[in-house]
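Using the sequences provided together with the hints, build the complete structure.
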Amino acid sequence: MSDTLPSLILRRRPGHSLERPFYTDDAVYRADLDMIFARHWIFVGQEPDVPQPGDVMALHIGEAPVLILRDDDGGVRAFHNVCRHRGAQLVPEGKGGVGNLVCRYHTWTYGLDGKLLFADHMGDGFEAACHGLKPVALRSVAGLLFVCLADDPPTDFDDMAAVMEPYLRPHALAETKIARQIDLVEQGNWKLTMENNRECYHCAGCHPELTVPLFAYGFGFAPGQMDEAELAQATRYDELVRGSHARWEQQGLPSRLVDRLTGRATGFRTERLPLDQAGESHTTDTRAACRRLLGQLTDAKLGGLSFWTQPNSWHHFMGDHAVTFCALPLDTDRTLLRTTWLVHKDAVEGVDYDPTNLTAVWEATNRQDADLVAIAQAGVRSPAYEPGPYSPHTEGLVEQFCEWYLERMAAGLRG
Amino acid sequence: MSDTLPSLILRRRPGHSLERPFYTDDAVYRADLDMIFARHWIFVGQEPDVPQPGDVMALHIGEAPVLILRDDDGGVRAFHNVCRHRGAQLVPEGKGGVGNLVCRYHTWTYGLDGKLLFADHMGDGFEAACHGLKPVALRSVAGLLFVCLADDPPTDFDDMAAVMEPYLRPHALAETKIARQIDLVEQGNWKLTMENNRECYHCAGCHPELTVPLFAYGFGFAPGQMDEAELAQATRYDELVRGSHARWEQQGLPSRLVDRLTGRATGFRTERLPLDQAGESHTTDTRAACRRLLGQLTDAKLGGLSFWTQPNSWHHFMGDHAVTFCALPLDTDRTLLRTTWLVHKDAVEGVDYDPTNLTAVWEATNRQDADLVAIAQAGVRSPAYEPGPYSPHTEGLVEQFCEWYLERMAAGLRG
Amino acid sequence: MSDTLPSLILRRRPGHSLERPFYTDDAVYRADLDMIFARHWIFVGQEPDVPQPGDVMALHIGEAPVLILRDDDGGVRAFHNVCRHRGAQLVPEGKGGVGNLVCRYHTWTYGLDGKLLFADHMGDGFEAACHGLKPVALRSVAGLLFVCLADDPPTDFDDMAAVMEPYLRPHALAETKIARQIDLVEQGNWKLTMENNRECYHCAGCHPELTVPLFAYGFGFAPGQMDEAELAQATRYDELVRGSHARWEQQGLPSRLVDRLTGRATGFRTERLPLDQAGESHTTDTRAACRRLLGQLTDAKLGGLSFWTQPNSWHHFMGDHAVTFCALPLDTDRTLLRTTWLVHKDAVEGVDYDPTNLTAVWEATNRQDADLVAIAQAGVRSPAYEPGPYSPHTEGLVEQFCEWYLERMAAGLRG
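Protein chains in written order, with the numbering used here: chain A, 3 to 417; chain B, 3 to 417; chain C, 3 to 417.
Hints are supplied without guarantee of correctness; some may be wrong.
Simulated DEER-style distance windows between Cβ atoms [what the hints assert, rightly or not]:
#1 A:Leu119 - C:Asp158: 44 to 50 Å
#2 B:Asp261 - C:Asp126: 23 to 29 Å
#3 A:Asp28 - C:Glu351: 25 to 31 Å
#4 C:Gly352 - B:Met228: 55 to 61 Å
#5 A:Leu12 - C:Ala366: 54 to 60 Å
#6 A:Asp240 - B:Glu129: 43 to 49 Å
#7 C:Leu119 - B:Gly245: 36 to 42 Å
#8 A:Leu12 - B:Arg15: 41 to 47 Å
#9 C:Val165 - A:Gly125: 57 to 63 Å
#10 B:Leu119 - A:Met228: 18 to 24 Å
#11 B:Val100 - A:Arg32: 38 to 44 Å
#12 A:Ala29 - C:Pro16: 29 to 35 Å
#13 C:Lys179 - A:Pro137: 28 to 34 Å
#14 C:Leu119 - A:Gly96: 34 to 40 Å
Over 12 Å on every C-beta distance to chain C, these chain B residues come out as not near it, computed from the model [to be verified]:
#15 Leu12
#16 Arg14
#17 Gln252
#18 Thr341
#19 Glu351
Calculated from the structure, these hints are not laboratory results.
We put the CB at the ideal spot given by N, CA and C, even for glycine.
Put into structure tokens, the structure is as follows:
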């Protein structure tokens, strides 16, 4: 790039989309992998991805192959998915079950704790104890799994965990199973995927399915452009939110907004919000898609608890199911979006839930979003593109995503 | 590249093909986009591409998405195809019809004059007047459309327009319609596509269809290698050209050679040349492919008026139809060639013309040329490739293309 | 790359695999093409690839298209496959037969000796004698063809030729024909393909077919890890090798180890080794796959004469057939492996040999190796990969490959 990264960061115009190189330049992309994805807590999945001891899941965080497994004691661990002999990728991408981790190349064998158990022909001077798998920091927040590739992960994760566990606990993620998991490759830089997630300004025009359960007044609006009838509706929506919060918190369900998206390494935000009509779920009829509710819940009408994390995830927890979203960069202009639908582990497919109904809203919404990310990437490639203004009423969280990103890049450049 | 662009330009050996980095180096390619395609008049199509108000055509000039449209007053305009909000590509690649230009992302809406008409939720401080589409300079020469991405387009375009309009006017391009338009991706640098167009040294061996209407003696030849019979034929060809020019100019059709390919930003060349046999058209039987002649023409035997422009187009106007060629760089080693066949707008397909017959010669010739460009690209990638000599008798226009290119790159480097 | 090539070379830890950039960095790859593949003797095929005058074979050494042909006098020659006019690739990739070499572009015509015989329209000043094809140095060692792109090829090739000709002569490669030739693209850096070839530590676990004819004790082993029974077997294997060598050398077949892999430009190694069971060939039943033996051989039980060259080949010569392997880099992370099975030229397919039986062991082994190279490439891309230790007992030749490579890169950097 002709401009240096520090100068690009310094001259950023607040309240406006980022300059072209942030979305298109390979050097910025490599810096993103190094300073964002290798130094922060990255959402990678949930405990039900590896339900049993010996279950293993392999994925890439940027160029780093990582494996997540459940060990013999039932704990979840993460390791670099790289044999310590000649560097072969140990476990193939995807999921499987193993006794030990055996490299196919020269049969070096590691225990589920990462210890090197066997390496033939290495001679007397070889120290097996120095050649265990390299561990990757892993934390579970009420069943949501985050890893950090850095040796010294950000410590403010504890704070997020402390805040979020009471919100998430009633949905009992550890007691769920994966009903569906779908990978989608978006043709855009990972930041466009995230920015697209951080506003619903586009929802009215682009997401006919999602706007059935979601209230339009929850997306933000410019009050100056509204007539009295609209203002009255907006006021009623605010009252509905306040009333719902009060009711749910009385039921023991933390619901009020917590917004710590910026000014810290581990940015996050959460709030439980009412849904329209039946008010139960992100479905085309707004009713629960699964008869067996999550955990010990008995009331299906709990709205949706949303949980957003910087830099790469968002989640919606309803009474009957949860949906999690994990965005992982594949290249400067390609991003993997993995969506996971979770239901109670005792729910029976075809009896308690119809997976087509369960996934209909977000499958459609994801396809629509992928299309939007692609046209965004196509346009920002233009030399004529210049950062445009965010709506102060509907794109505040996009601005907060950009602020957090630039803060963390600046921190990374300081070393 | 290990050599700098200025040193590559300075050490170029006249009369020889360019050095390897000009065809293979990504940094030279980016410089080509910046100094050639973003600063000169680029042929992009013709008025019949957008015949009606609201018709829009989107294409890329290098990395810049551009849209061409016909506005409500019947004028043709060009804009950067990039929403001023968050940069989404506004109109999809290809052709369509619109009332206004509505961005699919957040429904920002622009008029056909580029003005921002609607942007929801932007609040009170937002100035719509500052967020219209960015215009791109556009000029029509007797219906041929050229755009320039620069803020200060080369002014010698006027001169080309003044020369060319009398030549082109009798063919009444504005009164034509598109009979066929075919895109072909050539596997070579755009300069190899252009160099291939600028000589017919290869025609005898490679283009069996094209050499039916074209006279071999029009391709140039080395007189020292010819016997007396051949020299006599060459002399007869010269006489035919002179006689034809005299006859056509008497009919009010400017025909004589104008060659201003070098020494200026807007290089061009034109000449009307006789065709062999029936002498009417670029068809396999040399007869008109369309019964309805262009404009008010009544004589089909008008040979072919050729018009070449630097850096990216060539055109042939016959009595019955016209063919235009637009070359656009896609990557260091890939080039889009768009070929358009135009007939009188009242001509009826299947009655006045058979599109297979109309396009047969150039469809075959384009395929053959794409193959030649591919082997040229494959060979110049070799570290052992060194620039070879152009034939002084048949490759003079290739040399003029290279001269123009190097002049303009040098001018670009001067700033 | 953030580290310079010299610093990467200097800090290499002996006995360990190479650092990540050697396998993944595009700049190192280009240096490999320049300093290894353009300056050393590269194995490209064998005389039976071009059996008759006018036979021509075109391939790429890195970015350099090269053609190998048999001239009218029966000699084998190599040229850069690039027309001296405008650089078109002269002969398409693959094999064919020609009278002269005619460029399709403008019909420039070269003799099989590379002389320019015809170039139309070039005018009086043109000197055809200065525009012959650029020759490439070519040497045949008992029918194995090596080319060197450098102007001053390493002279220690003579020494390799002198050593190897007595070993290879009894297999009479010039009297063979190609029974099968298969190209396979491995998804890894060329050095991973070579390193994989230079050890059989992985054979026990990965190559069920190859380990039928090969003795496990020939792969190396850590004596400290073996019990008495195993040590006794290893001793018996050593005795078998010594006894076989004595017998074969008495038959006039040089067999003893020559190891000159490092400390020289043209590194190589050879040894004839006994095979298990019937001991005749690399087949699934260890018996000769071709009834007609090579050359004048009458004894099928000759084990396998292996011949390894730096940087890109290995070969196995049995009594009944030979297999040659040529590795050519396609990109930083892609390598072409061409495998050729050769039998006596008078052997009749379907009568003397069944090609499925002939190729079964190495077709399976190549597929398995391609998979191993792919997982090696996938793992070394990880930022967490660090060079691991080679087994001193089984990976000595891998270490010698790396030593040679680094010696030659250092020599290249010195100029």
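Cross-check of the supplied hints:
1. Remark: the range hint 44 to 50 Å for A:Leu119 to C:Asp158 is upheld by a beta-carbon distance near 46 Å.
2. Evaluation of the 23 to 29 Å hint for B:Asp261 and C:Asp126 yields a pass: the beta carbon distance comes to about 24 Å.
3. For A:Asp28 and C:Glu351, the Cβ-Cβ distance of about 51 Å falls outside the hinted range of 25 to 31 Å, so the restraint is violated.
4. Checked against the hint of 55 to 61 Å, the C-beta distance between C:Gly352 and B:Met228 comes to roughly 57 Å, which is consistent with it.
5. In this structure the hint that A:Leu12 and C:Ala366 lie 54 to 60 Å apart at CB holds, the actual value being about 59 Å.
6. A C-beta distance of roughly 30 Å is found between A:Asp240 and B:Glu129, which places it outside the suggested range of 43 to 49 Å.
7. For the hinted restraint 36 to 42 Å between C:Leu119 and B:Gly245, the CB-CB distance of approximately 39 Å keeps it satisfied.
8. Range check, A:Leu12 to B:Arg15: about 46 Å between beta-carbon atoms, so the 41 to 47 Å window is met.
9. Taking 57 to 63 Å as the suggested C-beta distance range, the pair C:Val165 and A:Gly125 does not conform, at roughly 31 Å.
10. Between B:Leu119 and A:Met228 the C-beta distance comes to about 19 Å, which sits within the given range of 18 to 24 Å.
11. Separation of B:Val100 from A:Arg32 is about 40 Å and conforms to the stated range, judged on CB atoms against 38 to 44 Å.
12. With their beta carbons about 34 Å apart, A:Ala29 and C:Pro16 fall inside the hinted range of 29 to 35 Å.
13. Between C:Lys179 and A:Pro137 the C-beta distance comes to about 56 Å, which lies outside the given range of 28 to 34 Å.
14. A beta carbon spacing of about 59 Å between C:Leu119 and A:Gly96 contradicts the range 34 to 40 Å that was offered as a hint.
15. The beta carbon of B:Leu12 is kept farther than 12 Å from every beta carbon of chain C, the shortest such distance being approximately 21 Å.
16. Interface exclusion of B:Arg14 from chain C stands, the closest Cβ pair being 15 Å apart, more than 12 Å.
17. Every Cβ of chain C is farther than 12 Å from the Cβ of B:Gln252; the closest lies at roughly 34 Å, confirming the non-interface assignment.
18. Here B:Thr341 stays apart from chain C, with its beta-carbon at least about 21 Å from theirs, past the 12 Å limit.
19. The Cβ of B:Glu351 sits about 36 Å from the closest Cβ of chain C, beyond the 12 Å cut-off, so the non-interface label holds.
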